[in-house]
Amino acid sequence: MMPSEKTQGAFKKNTSGKRLSTMIMNDYLDLHRRASEGAFVVWIAIIVPAELFGGFENVVYAVPESHAALCAGKGTGPVLCEKAEGFGYSTDLCSYARIDIGTAFDGGRDSPTFGLPRPDLLISNTNNCSLLVKWFDVYHRAWGVPHLALDIPFCYENQKERDFRYIMDQFGTLISTIEEMSGQRFDLDRARESVQLSSEAFKEWKRFLSFAAHRPSGITAFDSFVQMAPILTSRGTRRLVDHYRLLADETAEQVKNGIFPVPDERYRLLWDNIAPWHQLRKMSGRLAGLGANITSASYTYCIGALEGEYDPYEFDGNDPLAWLARLQNFSVCPHGLNLRGKAMNEVIGRNAIDGVVFASNRSCKVYSLMQMDQMRYIREELGIPCVMIDVDHADVRKYSEETAFTRLEALLEMIGA
Amino acid sequence: MQSFPDSLADLKSQGHTLIGCFPLYPPLELLHSFGLSPVVLWGLRQDITHLTRSDRHLQPYACGVARSLSEFVLSRGRELLDAIFMYNACDTLRNLPEILESSLDRHGASIPLFRLHIPAVPLSRPFASDYLNERIRDLIGELEKFTGRSFSAQTFLNSTELYNRQRRLSRDLERLAETGRIRFADCSDILLSAGRMSLDDHISILERTVREFNGRAPGHQGVRIMLSGILPPPVALLDAIERTGLTVVANDIAALRRSYDYLPAASADPGAYYRDLYRNHYPCTTILPSADSRLETIMQTVRESGVQGFIFVGEKFCEYEYFEIPAVKRMIEAEGVRTLELEIGMDDALNLDAYQTRIEAFAEMLCHETRGSRRDNDAV
Ligand code: SF4
Ligand code: SF4
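Quick note, the sequences are listed as chains W and E, same order. Under my numbering, the residues of the first sequence are numbered 28 to 444, in order. Under my numbering, the residues of the second sequence are numbered 2 to 381, in order.
Bound conformation, chain E alone:
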């Protein structure tokens, strides 16, 4: 597969105006409706192996997402991005805009930057949704100036429909992985590739893949497990998971299910649309008001999917995830589900042997238990 920078270079050469978005859940539809091609800057770890620029600005205890994003923006941003967008997704990300801006300015390579504050209090409170409305209106004004286009309700509606199509197809693809029709590693790869191609191209790929794999018979099902974290584990670990007889039947990954599980009603009104999207979003550690529903949602998924093992794919230094792991762990272990905690740091992506060994041991234990319980059932 092409590297992330090469994919963006291709998009640019096809005439796309690229807006690099900080993770996790930027208002893609709005940006798209202005003729911009939003690309979410996460999952860059495999392409960004040196942090020469970023290390001049961020201490090594920033998470890998922030460090690789910074490296990319500082080293290739001017060449590949026409603008940057960020919102208050997390404390680390909120610290970055001026760092990147001032460094780019110093090198005469400034890139226009757009910011949004999404209320971190329930949007059911009228003042919070009014505030979001106001911020979105301001953002629209800034985008109008930047693109020289006026906001069009019809175009926005079209964009919301397209993104909903992408979400639906993403869910369909994920279901194919759950039934073993497609490997989870391949499914995840296709879903993540959304960040490196145009929306239309991604929708086409999803349609093609879903069509192709829908016709296949359900694959062999290993021990059923669920993954949770910000990003899926590196491909080598996904391979190890499948090789050792585990099947990923559900996930609570921010770059995957958390991103597309909720389908907001298509709308011509950005205020109403984003109120709905952010209020009812699939729970995430970074969407602070979703804390209560997050545990319930995970529990429900664990039960409905018949999960026997649960792997936390911790993003090293992501405190949002780490604050919640003990509670989630306690809750699912109480259900008799086994858990494994992995922690992926910036340097670990290249050295995964130890993790593979732990996955093997985890799989062995789960498979052993499953065989044991099957024997018990047979005896009964």
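Isolated chain W, as found in the complex:
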């Protein structure tokens, strides 16, 4: 068989996938072990700059959103959501929150990681959504654990100096709170090292994503969904840099050898919203059968970049806190319409995107309640066909595969026409 004719199956058998599973498993084991040995445990929202904890001797962090995504991916989303609903939490609440509340209030049962170790401090962040503050308040009330919220102003335009200063001040509060509570001293040099490593990891991450520009694409967005997990469990570590370097190298090698995830790729698509965690395999497989590849996703291309940008924001070696503050807006949710459009436009050009799939996600209103206008912009201003499908990122009960695929197939027809 010629390399270019290699199958999707051959593509999947790379070592990064196996290394990833081991890494995530070890990260969770390590988290539980260190917590049980007395480390200071913080629960954080995804955007909280975890590199700061690298500035402490013995602080470990857990990310409930990431844990919820893992549960959804492993198929325990619905059972955990139902538990939260049984505790009185509405089915209209974000499914990450429901999964996590279901786990936390049932002693970690049905979680592939046996839940998360009890926190000493909760740190939420308003910039992805301020609901995270409400969500963490649930634990704060139930367990009496202190809760500190970081307030990051929404970006309708690039971060302003006043917002930057405001964020820096909050980092100061965060550091002194941990110092006081844990009795540990914050070491700026250690934090600088973590930041340096994160910056390197983001560069490698973007190198990995850059293979989406190849025709056929060297990756699928589903690969990026799976591979983003250690950013949330190993941020600011050497192993994260090594992992992404190897991942990018292996992908380069595969592309060189003509091994592609969708070898007969006819449609190159972009995904807008959080990953459909319960559908990764199914959706990518079924799309591949139609010659379609979702090569890029706003959810993963935003990582490491400033608002509205694509390229990584590199650390200059100076003030690690300043780099973290400037990068507080990296995810899509706190971006206004113009910034979202700017970044998407860039990726559509770079990766020769034929069509955009807007995944309207009632569980994540912040991501979704701009999509109708963004879709209009992409369709009318850029002339790119688009479709909107309904997907709940973590609650499979709110997803209909056939309805989604009817629309996806219509999109492919539109592109083909």
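In short, the hints are calculated from the structure, not lab data. No experiment lies behind these values; they were computed from the predicted model shown. Careful, some of the hints might be misleading.
[Claimed, not checked] The calculated lysine-lysine pairs, modelled on DSS-like cross-linking and capped at a C-alpha distance of 25 Å, are:
hint: 1; chain 1: E; residue 1: 317; chain 2: W; residue 2: 110
hint: 2; chain 1: E; residue 1: 146; chain 2: W; residue 2: 187
hint: 3; chain 1: E; residue 1: 146; chain 2: W; residue 2: 110
[Unchecked claim] Derived contacts from chain W toward chain E, CB cut-off under 8 Å, selection only:
hint: 4; residue: 157
hint: 5; residue: 164
hint: 6; residue: 196
hint: 7; residue: 197
hint: 8; residue: 198
hint: 9; residue: 200
hint: 10; residue: 202
hint: 11; residue: 333
hint: 12; residue: 392
Ideal Cβ positions, reconstructed from N, Cα and C, are used throughout, including at glycine.
Please build the complex by placing chain E with the ligands on the supplied structure of chain W, with the hints as guidance.
Below, chain E with the ligands alone, put in the same frame as chain W:
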């Protein structure tokens, strides 16, 4: 009563410069001090029955407040509003400005938009109050440009006094409802009408009503209940509540008590004034740092008002409210207070039969229990 758009058309014809404010707690005094008439765009559901424009921009899982607000701004905004103001009250609202702006622009109907970020961290932290100060200063600069007027400390002080007068009267009116001198449905209607008339007119109506009903004897008291939510339930449900023998003696409604319960000290300094107002505001699910005090405040009100039943008036898809309901429910049920959860969605306003039945059943249970406990007491 006149519809919301008609009321605004009247105000405009009287020469008011209207600034449509996104809910919940915009800095009304500052806007007013620049000669603007702020109207808060909530409670529009009964007037906005079709969402033709808004549905082109927002998915149906946005809350009814956001959808009806968007519909109003897109369909009548250009004609009735001179400017729009928004702040980071909630995630849904923070997503709206550019959606509305770009749509209005496309139709050649742009409206100036002002934005403010109110810190979602405790204002007791000096940097947070400095940040609020800076944002307010910037807003003042923008308002100066827009209105062509300079900021006047004296005018601002006057505005703060007027709004405090309105708050005081609103509390007085609410107390009249608590004692059954005025129906809660009427009280709520008068309080909500603040959003559709000038401040002076609203103050006059409040003064008149408070004077008139103050002289009345306390009315019949049914089983004492409290309401909680973003907006009061539709009038038909308030009627059902009263008809079935329940009396609303307290509320934790954002458009009512949460809006006017705290009286900040009148001040000529906007920074100091808003630091005080937002720091000490009556707790609300959308004022994130007030989370701890919210439960205490509700509990205290439940106890002080001798509430026997508690109705959550959930605004469908308002996650702020829904995250807190289980904790509040557990807490007040532990006090022996019965609870009922209603969920009002955009389409429900026209079809309230099912809710009325649930209210009737709730009232029946409460009345039965009250009669039972009275009998027990008599026996003792
Ligand atoms: S609502 Fe969206 S941004 Fe917020 S926690 Fe849920 S998934 Fe994340
Ligand atoms: S009802 Fe809730 S979600 Fe809707 S605008 Fe008000 S606070 Fe926001």
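How the hints compare with the structure:
1. With a CA separation close to 21 Å, the supplied pair residue 317 (chain E) and residue 110 (chain W) stays within the 25 Å bound.
2. Of the pairs offered as hints, the one joining residue 146 (chain E) and residue 187 (chain W) holds, with about 21 Å between alpha carbons and a cut-off of 25 Å not exceeded.
3. Taking the CA atoms of residue 146 (chain E) and residue 110 (chain W), the gap is about 54 Å. The hint is violated against a cut of 25 Å.
4. The interface hint given for residue 157 (chain W) holds, since its Cβ lies 6 Å from the closest Cβ of chain E, which is under the 8 Å cut-off.
5. Annotation: residue 164 (chain W) was flagged as interfacial toward chain E, and the flag holds, the nearest CB pair being 5 Å apart, inside 8 Å.
6. Because the closest C-beta pair between residue 196 (chain W) and chain E is about 4 Å apart, less than 8 Å, the hint holds.
7. Residue-level restraint check for residue 197 (chain W) holds (minimum Cβ-Cβ distance to chain E is 7 Å; threshold 8 Å).
8. The closest approach between the C-beta of residue 198 (chain W) and any C-beta of chain E is roughly 11 Å, which is over the 8 Å cut-off, so the hint fails.
9. Against a cut-off of 8 Å between C-beta atoms, the interface hint on residue 200 (chain W) holds, since the closest Cβ of chain E lies about 7 Å away.
10. Checking residue 202 (chain W) against chain E by beta carbon gives a least distance of about 14 Å; that is not within 8 Å, so the hint is violated.
11. A hinted interface residue such as residue 333 (chain W) counts as satisfied when its beta carbon comes closer than 8 Å to some beta carbon of chain E; here the least separation is about 18 Å, so the hint is violated.
12. Hint status for residue 392 (chain W) relative to chain E: holds, with the closest Cβ pair at about 6 Å, below 8 Å.
When each numbered hint is compared with the structure, violations occur for hints 3, 8, 10, 11.
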